[in-house]
Structure formats: C-alpha cells, structure tokens
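On the provided structure of chain U, position chain R as indicated by the hints.
Next come the chains, spelled out residue by residue.
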Amino acid sequence: VNAAAPDWTLAEALVAAVQAWQRRHADDCARFEANPGHRDTAARIAESLAAVGLLDIAATTPGPDGQAMLAASLHAMAAQAAGLAALVLARNLAVALAAEFGRELPAGWTALPLYDDPDDWPRIAGDTTVWRGIAGLPVADHALLPLSIDDDFRLVLAPVDAAAHVPTLGLAACPLADLTDTAGAVRRGTVLAQGAAAEQAVRRLWQRAEAGAAAIRSGILDAAAAAAVAHAAVRRQGGRIIAEHTLIQRMLGDIERERVLAAAVWRRLCCAAPPADAVAEAERGAARLPAVVSNCLQIFGGSGYTEDVRLARDWRDATQAALLLGHPMHRTLARGPEGSISHA
Amino acid sequence: VAEGLPLPTGPLRNSTFAERFPAMLRAPGAGAAQRWVDHVQAFSTRHVAGQALALEQAAAADPDYVPQDLLGAACRAGLFSAPFPAWLGGGGVPFAALLAGHEILATDCVGVANLFGVSGLAIGCVMATFDPRALERIASLVCAGERRGEPVFLSTCVTEPGAGSDAEDADEFEHAQLRTLAQPVAGGWRLSGTKIFISNGSLAALHVVAAFTDPRHRPEDFRLFLVPADAPGVRIVRNEHKLGQKICPAGVVEFEDVFVPTASLCRGGEPAEFAWNGLANVLGLTRAGVGAFAAGVAEGAWLSALELGSRVTWRGRPLYEWQWARVELAELARLAQVARSVWQDALAAVLTGGLLAPVDRLPDPPLVGRLLRPAPMAALRRRVLGSDAAYTLFRRIAAQQTAAGRESACGYGDVAKVSASDIAVEVCSRAIALCGKEALRREAGLEKRLRDARLLQIYEGTNQVNMLDYVKRRLLRQVAAA
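Here the protein sequences line up with chains U and R, keeping their order.
Under my numbering, the first residue of the first sequence carries the number 1, and numbering increases by one thereafter.
Under my numbering, the first residue of the second sequence carries the number 1, and numbering increases by one thereafter.
One or more of the hints may lead you astray.
Pulled a few chain R residues facing chain U out of the computed Cβ check, cut under 8 Å [what the hints assert, rightly or not]:
(1) T159
(2) G162
(3) S165
(4) D166
(5) H175
(6) F197
(7) W314
(8) R315
(9) W324
(10) S429
(11) A433
(12) G445
(13) E447
(14) R454
(15) I458
Cβ-to-Cβ under 7 Å is the rule here; a few derived chain U residues that face chain R [as the list claims (entries may be wrong)]:
(16) R123
(17) H165
(18) V166
(19) E307
(20) A312
(21) H327
Simulated DEER-style distance windows between Cβ atoms [unchecked claim]:
(22) R46(R) to T60(U): 58 to 64 Å
(23) D27(U) to A263(R): 54 to 60 Å
(24) A183(U) to G10(R): 46 to 52 Å
(25) M467(R) to T9(U): 46 to 52 Å
(26) P8(R) to A233(U): 53 to 59 Å
(27) R240(U) to R235(R): 29 to 35 Å
(28) P215(R) to T9(U): 44 to 50 Å
(29) P11(R) to V52(U): 19 to 25 Å
Hints were generated in silico from the structure; no laboratory data involved.
Idealized CB from N, CA, C, for every residue including glycine.
Isolated chain U, as found in the complex:
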C-alpha cells in the first residue's frame, strides 16, 4: 500500500474534513490564537481534531500515505491558522517517534522541542536542567524529549506541569514555554528508546517531518500571495490599479514563482525516499520564505503594517516557521564537508 509515491486521494479526503473542521471551529481557533496559553480551549481543539483523525496520523497510517495526509492537512490548515498547524505537526512528529518504537502517546497535545536542530538536543550532566522553548508545553500534559544523559541518547516521555507561555514573534497558537526539571522528572520519565541506533532513527524521522514543516510554510505563502494579488487588483496608484504596473507585476511574478516551488516541494517530500534536490529545495525555500512573504506585505504598503490586515501575521508566522525543526543555517552546516546531510 505504501509504495514510493503516496496515494493523494486519501490526503484529499482528509483535507476536506480539516477544512470543514476549520469552518466549524473558527471561533475557537481565533480565541486560541489570541490566548495561546488557554488550556481549556486547547483541550477542546485537541479533542475535536482527534475526532477528525488529525492528531495521530503516523500511528494510523504509516508511510508515504500518512505523510501526504498530514502534510496536505497542515498545508490547508496553515492558510488560516499556521500556529495551530505547527502544534499539530509537533503532535504528529511525537506520535511518529513513539510509533517507531512500538509505543503510544497519551491523548491531547504533546510538548516537543520543535525548533531544535538534532545537533542541539540537550546533553544532561547535572541534576537541574532547563529545556528552553518547548513547543506546546503550555497546553500539554506530557513532553517527548530527545536528549543525551552521559552521552547516551534517550527518547524520554515525561509528565509535565502547566508552564507559562513565552511570547514569541509568530505562530502564536503553537505556544512555547521553558521546562524546568528540578525534581528529575525527565530523568525518571519513560524511556521509549535508547542508544545510537535509536538516535539515528529519531534523526531520520525528524528530517521526514520536514514535509509537514514545508507544507505549513507553503500554506502561509499561498494565503499571503493570494491576499497580495487581491489587493493589487483593487488598490489604485498613478491612475491605474497597481496590478497594471509592471513593477508590481514583477513583484507578483517573483512571489508566484516562489509559491509554486514551495507548493511542489512539500508534496515531493512525502515520497518514501525524498530526492536530494527536494530536500535541498525545501531548505532553500525555508530560508527564503520570510523575504517572499515580506514582498507580499510590501504590495500592501502601509496598510500591510497593521495587525488588522492578515499580512502582518503571515509575515510574523513565516519568519518563525523558517526555524521549525532547526534553522536552515544550521541545516546547511549539518551537510558537512561531504555536501550532504551528515545524519541522513
């Protein structure tokens, strides 16, 4: 069933369900975006998304089909609520990691260091450890943490207490918090996997999650580009709508080229073995995304700079989304002297 290329009909069916979910839960999504530390709203959203089947795709549909279902859903979701899409990505990556080792996660949101490059996973030496910027921590009851204790890799599932939300630039509905483990709860947590082979497996799945991250970026760009085109069609300057100015046409053309590339790359990453050029293109696209969405904002001029227009949020989200799963600059370094991802 899970051949090299995914079956996109399954993905399309789930996308339709996700879009219907977004229409039904638009108010909850807006409330959560405005107050991302609100656990009741978060729990309500998690429960309803689980009913759609969006929180544990890796467990129910492993392989490329599941990759495609998740990525396509995140793409659709990101156009409206990119932060929530990132929170769903964190949950599904955690589910995939647990499933890799034959384990299941508790229901609800899972806190995960979603912005960490694998080279930055913590190495524990002392008794007290602080994990900074864990995605989903303010709304989760448990965290999944890849870490090393005395240079021995472990994937640990630990119960966590509610932690204060740390405001960041964008993706507000994927709230970050710091995990302070003074009581050694993480050390005493459930070890799902251990050792060098487990680390390689976790790194591989971390990289595979790039399909979802690229889909979120593509969704943000789709929405921003559509807004820019719509604005250019009505805004007048120099006696004409600005879409008739060749300077604006060039800007929109540049945006469209990047949008098409971004839309293609996450689909290619859903294959069983993503081609190296797709991986490289995703990396390049992530680095370029903030500037491209910034160009969409520029089409709006001053009105794009107010939070009343979605472009301001799109730009903030895009800038933060570029750092999902570790920053492109760090991933460039991870290619190493051989010119290929060193931990692939």
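Then chain R, alone, in the frame of chain U:
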C-alpha cells in the same frame, strides 16, 4: 580566527563618538556634534535601552498610551528644541549630529527615535517653504513648550485612505486619490479631509497639513497649512494597531470643515514651485533621516546578536566559539557600518546641494542666536520674522539653491532610505537566524527590532516608490546631461 576561541564575557559598552562617527570628527562643528551625540547616548542609555520592551508592551496593550516619564526626560534633555537654530530659540544642534542622535536612539529603540524624530518631517516641510513666519511659529511653539516641561509634537498629515506614496510625489498628484480640500473663505480657508498613518497624530499640538485648493489636485493647487490640534473640527479617529514601532502612534486624523486663518498658510513662493521643489527638498532630508534610523536598528541588532549569542550553544559549545558564527556576526556589524556610511553620504548631499544648503546661508547663528534666543525676545523675533522683508530675504536665500543640487540630494536620500532600511531588515533577520529559537522570544528583543525595522521599508514612501523616484532624480537626469 580559529575555531574554539572563547569570546570575552561581560556587559556591552557603548561605542565612542570617534569609533562610530569618524567622518564627523573632522567636519566643521565637530565639538558641538560630539557633545550632542554623547548627550543623546547618555539619555538613551538611561531612559530607553532598558525600557524599550516595557514601552512597547504598554503601547501594544493601549495604542493611545503616552510615555509621560520618557517625554518629561526628553524635555529636560532638550530633544524637542534641538533641530531649531538658536536664532529661533532652539538648541541649534548641527544636522549631522541630529541624525547621529537619531541613530543612537534607534540603536536602543527605533520606535522611540521616531517618536522624537518624526517632528523633523514637519519641520522639514516648513523649512522647505522658506516661510520665516511659519518657521518662527512652530519653533516658538515647540521651544516654549519644552521650557515649560511640556512636550510639543508636530505631525505631518499627507497620506490619505486612497493615497500613500503617491501623495508625496507631484508627478503623481493628478492621478492620486487625494480628497483633502482647502476652500477659500473670508479670512482664510475651510479644510476638509481624512489623513491616515499620521505619526504622532494623536500627540501633536500642531498638524502640518497638505491639502489641495482644487479637486483636480494639480501641483499648483498644493498647499501646506498649520492647523492646531485643538481647532474646531479636528478629530483623532483612532490609532492603528501597528506591527512594530508601537511607541510612536500612527493615527487617523480627520479635518471636518476646519477654519484655517490666512496667516496659517505656509507661503512657499509659487504653489507649484513648492510642490515640485519643496517636496524634493523635504524627501532628500527626511529619507537620509530614515537611513539614520535604519543604521541604528542594524547596529542594535548585531549588538543584540552578540549579547544573546554569547548565551547560546551550538553542538554543545558556545556559539561564538565557532568560526562560522563569528564571521556571520562580523557580517552583521559590517552591514551596520555600511548603512551608516550611506545616510552620511545622503546628508552630505543635503548640506551641499539640498534643503540645508541655502539654510546654511541664513544669518550667522552664533551672533543672531545670542541676541534672539532668550525667551523675552520672542515678541521681537515674531515681529521680525513675520515681516515682508524677512519673507523676501528668505525667498532670495531659497533661490540660491540649484536644481541639480536639489535633485542630487533627493536621489541620495532615496538611496540612503532604501539601502539602509533593507540592511536593517537583513541584519535583524540574519541575527535571528544566527541565534535561532532564542531570538524568537519577545524578551530577547531581536524580534521587536525586526518588526520595527520592517516599517522603515514602508514609510517615507515604500522602497519601490523611492527607486522610482531615483529613476527621475538620477537616471533620467544622467541621460539629459549627456
């Protein structure tokens, strides 16, 4: 630089005047410039650096927030009166030092720099009319307020709901969707229209309002009026929820059948002359000022990256022990230095051929200043500068400016604004990339710098509009010259 070298630790120090502005050391008035820059640095360190995030938070919670303590301190520091020459009762700070001071403030918070700097746009507009009566009026308002400890802001009301960058370009006036009209009535004018994105609009005591006397809004219909904020019919509709620079409010100002007496019209020679030449003069100066803001943001961003990155590890080692990270940080500092050079070039063009070239030929400031600066001389100053003779003298001074100097200065302003603002955004973005997720946190301050910097690519004309202007000021003139 080898891998593995530790970075020195400790608090960051401020750069000295000589380190930061070496080109100004040998310029005339270097001593006064250094005194002003050091003064602003001390002000910024004490009142801005540690408060920037809290100020932004307060303004985010309430767009109408007014930082009273900061404004009081700014009055005591003479930030409001600084741009006015001594003979107008002001601080007489050299323009190069003023812009350097803006850069210093922007290093800590460009929103604060804009809060104090954007009155300069209104001052520039009035200066560009070469109307001594109008200039004296705004100077006495600001300087007397500052002496009383009351901050007096000036706003510039140009952009409208349907007209942004094109509202600043005489070539585009007739096509622009400009609606603000001034209709002549007995004893003055009746002004009606709505202006948007007006920086400090809600704080201003006086609005400098651009309006047209004919709905065809041709360049010859263009006028500038001085309108007190408390004039009947003037209303602040709201302040915008901006993405950044939140401490400097941008509001919607409505003028509904506002009576403006004849004396409140800025006389700038032939109206069309001001539309073509005056605006070019203003943009040359103010776009250099945006360049200074941007250089400050870039400087602040690399310093933030230095500070934040010293607490960040990568692959288990401090970030700046890695060669690639050190060189990236050096790149950011390099770009900030480039931005500084660009605005200083633009200011040099403004001083030699732009708006400030004829201003430099005004009566000798030290002597006249000592005579006219004291507050009791205000009445005499008003009488002298309101006279026809003064107006005639100022027109003669204005006439000494050449078209080539004006166009060149405006072109340099375009380049300064575009280059430095792009650099500011790039440095902030790369600083965030360098420091990773730590830089995304609001408490780190870098994401605020990026949000703040983004506005620099928009105000004073979008960067695209600036480049279209540069086509006119530089490229097409080059062909004509050949």
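Now for the hints, and whether the structure bears them out:
Below 8 Å, beta-carbon pairs count as interface contacts, and T159(R) has one with chain U at about 7 Å; its hint therefore holds. About 7 Å separates the beta-carbon of G162(R) from the nearest beta-carbon of chain U, less than 8 Å, and the hint is met. The restraint placing S165(R) at the interface with chain U holds, with a minimum CB-CB distance near 7 Å, inside the 8 Å limit. Nearest Cβ of chain U to the Cβ of D166(R): about 5 Å, under the 8 Å cut. The hint holds.
The interface hint given for H175(R) is met, as the beta carbon of that residue sits about 3 Å from the closest beta carbon of chain U, less than 8 Å. For F197(R), the shortest C-beta to C-beta distance to chain U is roughly 5 Å, which falls under 8 Å, so the interface hint holds. Nearest Cβ of chain U to the Cβ of W314(R): about 7 Å, under the 8 Å cut. The hint holds. For R315(R), the suggested interface contact is upheld, since its CB lies about 5 Å from the closest CB of chain U, less than 8 Å.
For W324(R), the interface hint holds, the least distance from its beta-carbon to any beta-carbon of chain U being 7 Å, beneath 8 Å. The criterion of a C-beta within 8 Å of any C-beta in chain U is met by S429(R), whose closest approach is roughly 6 Å, and the hint holds. With its C-beta approaching chain U no nearer than about 5 Å, A433(R) sits inside the 8 Å limit, and its interface hint holds. Of the supplied interface hints, the one on G445(R) is violated, with its beta-carbon coming no nearer than about 11 Å to a beta-carbon of chain U, more than 8 Å.
Contact between E447(R) and chain U, as hinted, is supported at the beta carbon level, the nearest pair being about 4 Å apart and thus within 8 Å. Proximity of R454(R) to chain U holds as hinted, the smallest CB-CB distance being about 7 Å (cut-off 8 Å). Restraint check, I458(R) versus chain U: the minimum CB separation of about 6 Å is within 8 Å; hint holds. The closest approach between the C-beta of R123(U) and any C-beta of chain R is roughly 6 Å, which is under the 7 Å cut-off, so the hint is satisfied.
This hint is violated: H165(U) has a C-beta 11 Å from the nearest C-beta of chain R, more than the 7 Å allowed. This hint holds: V166(U) has a C-beta 6 Å from the nearest C-beta of chain R, less than the 7 Å allowed. Interface restraint check for E307(U): the shortest CB-CB distance to chain R comes to about 4 Å, inside 7 Å, so the restraint holds. Of the supplied interface hints, the one on A312(U) holds, with its beta-carbon coming within about 4 Å of a beta-carbon of chain R, less than 7 Å.
Hint status for H327(U) relative to chain R: holds, with the closest Cβ pair at about 5 Å, below 7 Å. At about 60 Å, the beta-carbon gap between R46(R) and T60(U) stays in the expected band of 58 to 64 Å. In this structure, D27(U) and A263(R) meet the distance hint of 54 to 60 Å, their C-beta atoms being roughly 56 Å apart. A183(U) and G10(R) have their C-beta atoms about 34 Å apart, which leaves the hinted 46 to 52 Å range violated.
Our hint of 46 to 52 Å for M467(R) and T9(U) holds, since their Cβ atoms are close to 48 Å apart. Taking the beta carbon of each, P8(R) and A233(U) are about 55 Å apart, inside 53 to 59 Å as hinted. At about 32 Å, the beta-carbon gap between R240(U) and R235(R) stays in the expected band of 29 to 35 Å. In this structure the supplied range 44 to 50 Å is violated for P215(R) paired with T9(U), their Cβ-Cβ distance being about 59 Å.
Take P11(R) and V52(U): their Cβ atoms lie about 52 Å apart, and the range 19 to 25 Å is violated.
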